[in-house]
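We have chain W already, so just place chain E on it with the hints.
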Amino acid sequence: MTTPAKIKLSEEALVEALSRRDIIAMRALYDMYGAALLGVILRITQHTELAEDLLQETFLKIWNASDKYDATKGRLFTWMMNIARNLAIDKLRSKDFKNEGKNQDIENNVAVIDNQKKQIINIELLGLRDLVSGLKPELASVLEMVYYNGFTHVEAAEALNLPLGTVKTRIRLAIIELRKQFN
Amino acid sequence: MEDSSAYIESGILELYVLGQLSAPEMLEVERRAAASPEIRQELEAIEIALERYALENAVEPSPNLFEALEAKLSPVHQTSFKIQPPAPVALSQRSNRPLQYALAACIALLVVSGIALINAHSRLNQAEEQIIALRTEKDRYASGMNVLKQTNAELQTVADMVDDPNWAIVPLGGTKTSPASKMMVYWNRKSQDVMLDKSRMKLPEHDQAHQYQLWAIVAGKPVDLGVFDMKTDSAQLLLRMKEVGKAEAFAVTLEKRGGSVNPTMENMVVFAGVSI
Numbered sequence: 001m002t003t004p005a006k007i008k009l010s011e012e013a014l015v016e017a018l019s020r021r022d023i024i025a026m027r028a029l030y031d032m033y034g035a036a037l038l039g040v041i042l043r044i045t046q047h048t049e050l051a052e053d054l055l056q057e058t059f060l061k062i063w064n065a066s067d068k069y070d071a072t073k074g075r076l077f078t079w080m081m082n083i084a085r086n087l088a089i090d091k092l093r094s095k096d097f098k099n100e101g102k103n104q105d106i107e108n109n110v111a112v113i114d115n116q117k118k119q120i121i122n123i124e125l126l127g128l129r130d131l132v133s134g135l136k137p138e139l140a141s142v143l144e145m146v147y148y149n150g151f152t153h154v155e156a157a158e159a160l161n162l163p164l165g166t167v168k169t170r171i172r173l174a175i176i177e178l179r180k181q182f183n
Numbered sequence: 001m002e003d004s005s006a007y008i009e010s011g012i013l014e015l016y017v018l019g020q021l022s023a024p025e026m027l028e029v030e031r032r033a034a035a036s037p038e039i040r041q042e043l044e045a046i047e048i049a050l051e052r053y054a055l056e057n058a059v060e061p062s063p064n065l066f067e068a069l070e071a072k073l074s075p076v077h078q079t080s081f082k083i084q085p086p087a088p089v090a091l092s093q094r095s096n097r098p099l100q101y102a103l104a105a106c107i108a109l110l111v112v113s114g115i116a117l118i119n120a121h122s123r124l125n126q127a128e129e130q131i132i133a134l135r136t137e138k139d140r141y142a143s144g145m146n147v148l149k150q151t152n153a154e155l156q157t158v159a160d161m162v163d164d165p166n167w168a169i170v171p172l173g174g175t176k177t178s179p180a181s182k183m184m185v186y187w188n189r190k191s192q193d194v195m196l197d198k199s200r201m202k203l204p205e206h207d208q209a210h211q212y213q214l215w216a217i218v219a220g221k222p223v224d225l226g227v228f229d230m231k232t233d234s235a236q237l238l239l240r241m242k243e244v245g246k247a248e249a250f251a252v253t254l255e256k257r258g259g260s261v262n263p264t265m266e267n268m269v270v271f272a273g274v275s276i
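Chains as they are written, first to last, in this note's numbering: chain W, 1 to 183; chain E, 1 to 276.
Read the hints as simulated data drawn from the structure, not as lab findings. Heads up, a few of these hints could be off.
Claimed, not checked - Straight-line alpha carbon distances no greater than 25 Å define the calculated BS3-like cross-link-like pairs of lysine-lysine that follow: (1) Lys242/E <-> Lys149/E; (2) Lys61/W <-> Lys73/W; (3) Lys202/E <-> Lys242/E; (4) Lys256/E <-> Lys176/E; (5) Lys190/E <-> Lys231/E; (6) Lys6/W <-> Lys72/E; (7) Lys68/W <-> Lys72/E; (8) Lys61/W <-> Lys6/W; (9) Lys198/E <-> Lys242/E; (10) Lys61/W <-> Lys72/E; (11) Lys149/E <-> Lys72/E; (12) Lys91/W <-> Lys72/E; (13) Lys221/E <-> Lys190/E; (14) Lys8/W <-> Lys72/E; (15) Lys198/E <-> Lys246/E.
Unchecked claim - If you want a taste of the chain W side facing chain E, the calculated C-beta under 10 Å gives, among others: (16) Trp63; (17) Asn82; (18) Gly165; (19) Arg170.
Unchecked claim - Computed beta-carbon distance windows for the label pairs: (20) Pro37/E <-> Glu158/W: 30 to 40 Å; (21) Lys180/W <-> Arg97/E: 43 to 53 Å; (22) Glu56/E <-> Lys136/W: 10 to 20 Å; (23) Ser10/E <-> Asn183/W: 17 to 27 Å; (24) Ser22/E <-> Ala71/W: 21 to 31 Å.
We treat Cβ as the ideally placed atom computed from N, Cα and C, and that holds for glycine.
With the rest of the complex left out, here is chain W (with noise of 0.2 Å):
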């Protein structure tokens, strides 16, 4: 089978498309960001097969709610990421994952917090160049936890004992640093 060029369209043109139900925005969408997704979805399960089947089921949720995508609510982007990372929690905090031994114990794992450990792994695991690391490890933890391990910001701040205002704070600095970084 051969490989079609990978397509890229505008986000208008994306949207537009997708709302017509046209298969050509979602073969634009996975192109432009099927990667990028898997590599948050892997991020969080740390599985390549598991992570592949949430990323399909991530694509399917994406075309069959594509309705629900506000263009004035926000970027394309963070609405699929968010679904992308939904999806991902929710696996892992499932029973049926739970069973299956896979995740030995996600809850104790994140409680723990091995930050350093778990960057290890990651780096190890999936070659990334992870620009989380480059942050300060009190920047780094939080956004950690609240992007990839599921928490709530109110669950963080229990987590690692900080007054709910502090998270927020870190949350803001970790993410203009990354702002910064990409500029």
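Same frame as chain W, but now just chain E:
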């Protein structure tokens, strides 16, 4: 703008992008964003940062993963850019609707067959009842038929008696006790058969404690020929009594049920002498 920058500084916009807010909080952010270009700009910057971050950490999926995915999608439109003919795969979204129809059809079919089953069941019950009724009726006809056959045979016997000189037809008349009574006894001197004709019997009614007893007078002495009831359930015409070879007379007395050794003369209802 003072207000906006404090809002931005609070970190709530980051939480919004990370999907961390409750629905009312999200509405609040959206309301403020709509009102403030500064907030909109900030939101977009946060979104782009996280987007680029994700792109930086992208992991290429296995080849052909999209083809597997595509098979599960249900295209409504396709542009001239032909990617892949839509594969009719069972698990696709597209098959969902036919599946729903199929499910609805199944349920409808189930209901219909359920009703049909109940219907068939009640009709079966009806049929069974009819069969039982018909069988009862048939039995009744059969027994009626037997009665008729028997009656016919008995009538034939009576008819034959006329031609047979051995048969004596003895009409018994009422006594002083019961002047209206009468009865018919058929007696075959040769075969010694004695029969009573119930169709021509007219005796007073009696209670359950009593029965009529037929006597033959032989050499001046009464000989018991058996007991009989005036009323009998059977449609029998002829009652066969005990045999007797010689008789000067026949008499019937009312006796206690089961009969007596000697006749109670004052209870004699019919009597007839036999002409030799």
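Going through the hints against the structure:
Taken as a hint, the Lys242/E and Lys149/E pair is honoured in the structure, with Cα atoms around 24 Å apart against an allowance of 25 Å. Among the hinted pairs, Lys61/W with Lys73/W is consistent with the structure: their alpha-carbon atoms are about 18 Å apart, no more than 25 Å. Taking the CA atoms of Lys202/E and Lys242/E, the gap is about 21 Å. The hint holds against a cut of 25 Å. For the hint pairing Lys256/E with Lys176/E, the CA-to-CA distance comes to about 20 Å; that is within 25 Å, so the pair holds.
At most 25 Å may separate the alpha-carbon atoms for a hinted pair to count; Lys190/E and Lys231/E exceed this at roughly 30 Å. Under the criterion of a C-alpha separation no larger than 25 Å, the hint pairing Lys6/W with Lys72/E is consistent with the structure, at around 20 Å. In summary, the hint linking Lys68/W to Lys72/E is supported, as the alpha carbons are separated by about 20 Å, within the 25 Å threshold. Under the criterion of a C-alpha separation no larger than 25 Å, the hint pairing Lys61/W with Lys6/W is consistent with the structure, at around 22 Å.
Of the pairs offered as hints, the one joining Lys198/E and Lys242/E holds, with about 16 Å between alpha carbons and a cut-off of 25 Å not exceeded. Between the alpha carbons of Lys61/W and Lys72/E the distance comes to roughly 11 Å, so the proposed pair stays at or under 25 Å and holds. For a cut-off of 25 Å, the pair hint linking Lys149/E to Lys72/E is broken: about 84 Å separates their Cα positions. Taken as a hint, the Lys91/W and Lys72/E pair is honoured in the structure, with Cα atoms around 20 Å apart against an allowance of 25 Å.
The suggested pairing of Lys221/E with Lys190/E holds, with an alpha-carbon distance near 21 Å, which does not exceed 25 Å. Between Lys8/W and Lys72/E the CA atoms are separated by roughly 22 Å; this keeps the pair inside 25 Å, and the hint holds. Restraint check: the Cα-Cα separation between Lys198/E and Lys246/E comes to about 23 Å, which is no more than 25 Å; the hinted pair holds. A hinted interface residue such as Trp63/W counts as satisfied when its beta carbon comes closer than 10 Å to some beta carbon of chain E; here the least separation is about 5 Å, so the hint holds.
The beta carbon of Asn82/W comes within 4 Å of a beta carbon in chain E, closer than 10 Å, and the hint placing it at the interface holds. For the restraint placing Gly165/W at the interface with chain E, the shortest Cβ-Cβ distance is roughly 8 Å, inside the 10 Å limit, so the hint holds. Interface hint at Arg170/W: satisfied, since its Cβ lies 8 Å from the closest Cβ of chain E, which is below the 10 Å cut-off. The hinted window of 30 to 40 Å between Pro37/E and Glu158/W holds, with their beta carbons roughly 36 Å apart.
The hinted range of 43 to 53 Å is satisfied by Lys180/W and Arg97/E, whose Cβ atoms lie roughly 50 Å apart. Separation of Glu56/E from Lys136/W is about 19 Å and conforms to the stated range, judged on CB atoms against 10 to 20 Å. In this structure, Ser10/E and Asn183/W meet the distance hint of 17 to 27 Å, their C-beta atoms being roughly 23 Å apart. Distance hint for Ser22/E and Ala71/W: a CB-CB separation of about 22 Å, consistent with the stated range 21 to 31 Å.
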